[in-house]
Amino acid sequence: MRAPEGEKLLWVALDNGIYIPHLCGLREAERPAASCRLCFVEVEGLPNPVTACTLPVSEGMLVHTRTPRVDRLVRTGFELLLSNHRLRCGKCEKNKNCELQKIARERGLKLRLSRLRPLISEVPVDESPKTFKYDPGRCVLCGRCVWVDHHQAKVGAIGFIRRGISRKIAAFGDVPLAESRCTECGECVKVCPVGALAFKEK
Amino acid sequence: MSATGTIIQAYESLKKAAVIKVEALKQKPLVLVGTATCGRAAGALNVLQTFRDEISCRSLDVEVKEVGCIGHCYAEPVVIIAKPGFPALCYGSVDEGMAGRLVTDFLINDDPCYEFAMAALEPNDQFPTFADFPRGVYEKKIILADCGLIDPEDIDHYIAHDGYAALAKALSMDPAEVLEEIKNSKLRGRGGAGFPTGLKWEACRNASGDQKYVICNADEGDPGAFMDRAILESNPHQVLEGLIIAAYTVGAEQGYIYVRAEYPLAVTRIRTALEQARERHLLGESILGSNFNFDIKIFQGSGAFVCGEETALIASIEGFAGVPNHRPPYPAHAGLHSKPTVINNVKTLSYVPHIIRNGSDWFKSIGTPDSPGTAVFALAGKVVSTGLAEVPMGTTLRTLVYDVGNGIKEDKPFKAVQIGGPSGGCLPESALDLPIDFDSLQQAGAMMGSGGLVVLDEDDCMVEIARFFLDFTQKESCGKCTFCRLGTKQMLDILTEITEGRGKPEDIDLLWELAEDIKAGSLCGLGKTAPNPVLTTIRYFRHEYEAHIQEGRCPALMCKELISYAIIPEKCSKLCNVCIGSCPVEAIYTRDDMLKAIYLDKCVKCNSCMVACPPQYKAVVKVSPPIVERGGSQDEQLSNHNN
Chain Y
1 MRAPEGEKLL WVALDNGIYI PHLCGLREAE RPAASCRLCF VEVEGLPNPV
51 TACTLPVSEG MLVHTRTPRV DRLVRTGFEL LLSNHRLRCG KCEKNKNCEL
101 QKIARERGLK LRLSRLRPLI SEVPVDESPK TFKYDPGRCV LCGRCVWVDH
151 HQAKVGAIGF IRRGISRKIA AFGDVPLAES RCTECGECVK VCPVGALAFK
201 EK
Chain H
203 MSATGTIIQA YESLKKAAVI KVEALKQKPL VLVGTATCGR AAGALNVLQT
253 FRDEISCRSL DVEVKEVGCI GHCYAEPVVI IAKPGFPALC YGSVDEGMAG
303 RLVTDFLIND DPCYEFAMAA LEPNDQFPTF ADFPRGVYEK KIILADCGLI
353 DPEDIDHYIA HDGYAALAKA LSMDPAEVLE EIKNSKLRGR GGAGFPTGLK
403 WEACRNASGD QKYVICNADE GDPGAFMDRA ILESNPHQVL EGLIIAAYTV
453 GAEQGYIYVR AEYPLAVTRI RTALEQARER HLLGESILGS NFNFDIKIFQ
503 GSGAFVCGEE TALIASIEGF AGVPNHRPPY PAHAGLHSKP TVINNVKTLS
553 YVPHIIRNGS DWFKSIGTPD SPGTAVFALA GKVVSTGLAE VPMGTTLRTL
603 VYDVGNGIKE DKPFKAVQIG GPSGGCLPES ALDLPIDFDS LQQAGAMMGS
653 GGLVVLDEDD CMVEIARFFL DFTQKESCGK CTFCRLGTKQ MLDILTEITE
703 GRGKPEDIDL LWELAEDIKA GSLCGLGKTA PNPVLTTIRY FRHEYEAHIQ
753 EGRCPALMCK ELISYAIIPE KCSKLCNVCI GSCPVEAIYT RDDMLKAIYL
803 DKCVKCNSCM VACPPQYKAV VKVSPPIVER GGSQDEQLSN HNN
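These protein sequence lines map, in sequence, to chains Y and H.
With this note's numbering, letter number 185 in the first sequence gets 185, and the count goes up by one each step, no holes.
Heads up: take any position in the second sequence, counting from 1, add 202, and you land on this note's numbering.
No wet-lab data here; the hints were simulated from the structure.
Treat each hint with caution, since some may be false.
To be verified - In silico DSSO-like cross-links for lysine-lysine, where the CA-CA straight-line distance does not exceed 27 Å:
1) Y:Lys94 / Y:Lys200
2) Y:Lys130 / Y:Lys8
3) Y:Lys96 / Y:Lys190
4) Y:Lys168 / H:Lys388
5) Y:Lys168 / H:Lys677
6) H:Lys677 / H:Lys730
7) H:Lys721 / Y:Lys8
8) H:Lys566 / H:Lys343
9) Y:Lys8 / H:Lys343
10) H:Lys820 / H:Lys804
11) H:Lys706 / Y:Lys110
12) H:Lys706 / H:Lys776
13) Y:Lys168 / H:Lys721
14) Y:Lys110 / H:Lys762
15) H:Lys762 / H:Lys721
16) H:Lys762 / H:Lys807
17) Y:Lys102 / Y:Lys190
18) H:Lys218 / H:Lys228
19) Y:Lys8 / H:Lys541
Using the sequences and the accompanying hints, generate a full structural model.
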């Protein structure tokens, strides 16, 4: 397999039709966030599984995308995200177009909680923008919307607030998006891998 | 004259002036009051004021100085009095009354009040020294040696104790030679992980780029660890000297001390130290007349535990939220402002001057071959003599707990030590003879961490200990990565359910699986080590988890939901009403036969009656599993319980 020097493994694999689960990765970002912790692979010569989004490819690198250790980490990471995700796929705008569904399909994982406790707090959906809505209960905190807002749209309407389990994406002061400096350019909605940011149906 | 000659000469003249100043102090009586944060919490400032007032109103020619902490926390406030003609004596648990007595009896008259004294500082034929106590035998003080004995706000005290001699020596050497000396010493980072300091410096020194940084990580945040604070408050120049040598070695011109804002006294004392070092050309342009320029800024962190993680610390200094980033790149290659950066802990830097001054072979002669030097522990919990102890690496836990710490309070049986704070683990009695160093602890499932060492006895529930530390890490998680943000919360919820008696048999295995995955899957050191308290308590104390889940019983009688209070009829005196008076919710009543009994539905398990019941009766007991009211009187239940 050929790849440009220094390219991260995740993108090389995807370009060559090899699927590796991922949510937070953005090819354009200079520094990978490495926060969703789903793109684990095992590389021969490295003792532990590593994230593919942070690993530059090198000559002769031998990678296993499916091993018992990788599958176990991906399963746990995925279940942890589900435990904090409002699962009502039938009522979600992104149904059948959702990265979580894709990961479940590709890796044979169930879209419901079995081992873990649900950790969802009922938070209201922000319906204030004219063209889209924001549902924090569906957000997986991948941060792609924040990155495009800051680096491509260059609006700076949203960012991460609070920490730990309370961490969320919000406008400055946690005001509704319509009251923020959001221009409703829609760039953030386009990159959301799940149903947290979704265009309103016309 | 050669450049080297100029440096040595510049240092010698500083030293000469400092020695004259410090010698002059010895001509008259000197009172040293330990006013580090630990002393202040115990009332040292009142003691200090008493000494000052008494001495001034009697117009005595006595010098009173504030010093740092000598590490004997159990004896705070600590005062040292050096009067010519007497051995310098250390007094513990000094209050205003004792301070007054010491002025009238010792400073005015010549009675040293031996009944108040803890120990003498130097060998003499009148009073034993610290070295004559077991603790003194096993302690080996390097970085704590001057703490509590020198004035942290007067650079001359440090210089008179050979301070900055290592800097003068290092500046006379080639940076490569200094690096070689540190590498030879096998010094390992005291922040917790034990990475070889020499390799870190070498990576930064060899990294390309003309702008480099050195940072002292003083973001000490573990519950129960306070050695970095003690060092910064007691001997800040030792840290500065280490940082300046690090900068010279790697080629940095700007340094930072990242210290938490909750350490205001440390911040003040560092600031004073920086000013005094600049005045004496030990910082700033052409240090000690050499062509080396370097200065240090203080950066105050806002108390986020995760900012002790080096990439989060860098983000914080850069003005971003204190959130970690993926490594590599390591800070030694691309750190602050993407420039090569060395980040070392306060203790690591404190060893540097000693190694340069005494040589790497001297350092390697202390401790174990792979972890040379000493380890500083903050002894806390159920140990008699709490405080800071510096012992050679390889000392066993038994020595630490029983000799240095003088054993367990009330002579209760030892159960475990929690070592290394929230990143560390709980080690059982079978580990008592484990020689402690970086590698042995890692193998046992714990880690050196910050050096917090909490001693636990039979009254401590291991599930609750794990829950306590998980509660801490879960609250301190930055929330960036999936495993730490959600995994620690899942583990905390399961642990909470177990301690409240709602655990399920499959929870233990689930906890273990989650803990392993969080360890392997998290982005930064906080998440990677957060499961350690869970893993070690399951590994060594699985039976306690099982007792909670299967029997609804807390073996340590600690988990409130799983215990009841009861009054044993045979022990109750009948005539004493102390328990009734102590109960805040009127849950205790007198029966017809005058014995006392508890309404279980009213009891809030506050423990007041148990404390109040006079020791000659000890009639109040805790029982687990809790007594369930199924009709029937309390003593019937109790007798069923005992059968």
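Evaluated hints:
1. Y:Lys94 / Y:Lys200: Holds, because 11 Å separates the two Cα atoms, which is no more than 27 Å.
2. Y:Lys130 / Y:Lys8: Measuring from Cα to Cα gives roughly 38 Å; hence the hint is violated.
3. Y:Lys96 / Y:Lys190: 15 Å, holds
4. Y:Lys168 / H:Lys388: Violated, because 44 Å separates the two Cα atoms, which is more than 27 Å.
5. Y:Lys168 / H:Lys677: Holds - the C-alpha atoms of Lys677 of chain H and Lys168 of chain Y are around 15 Å apart, at most 27 Å.
6. H:Lys677 / H:Lys730: Holds, at roughly 15 Å.
7. H:Lys721 / Y:Lys8: 24 Å, holds
8. H:Lys566 / H:Lys343: 15 Å, holds
9. Y:Lys8 / H:Lys343: 49 Å, violated
10. H:Lys820 / H:Lys804: 21 Å, holds
11. H:Lys706 / Y:Lys110: 23 Å, holds
12. H:Lys706 / H:Lys776: 42 Å, violated
13. Y:Lys168 / H:Lys721: 23 Å, holds
14. Y:Lys110 / H:Lys762: Violated. Lys110 of chain Y to Lys762 of chain H sits at ~38 Å, over the 27 Å cutoff.
15. H:Lys762 / H:Lys721: With a Cα-Cα distance of about 30 Å, the restraint between Lys762 of chain H and Lys721 of chain H is violated, given a limit of 27 Å.
16. H:Lys762 / H:Lys807: Holds. Lys762 of chain H to Lys807 of chain H sits at ~7 Å (cutoff 27 Å).
17. Y:Lys102 / Y:Lys190: 17 Å, holds
18. H:Lys218 / H:Lys228: Satisfied, since the Cα-Cα distance of roughly 16 Å is no more than 27 Å.
19. Y:Lys8 / H:Lys541: Between Lys8 of chain Y and Lys541 of chain H the Cα gap is close to 22 Å, so the pair holds against 27 Å.
In this structure, the earlier hints numbered 2, 4, 9, 12, 14 and 15 are contradicted, and the remaining ones agree with it.
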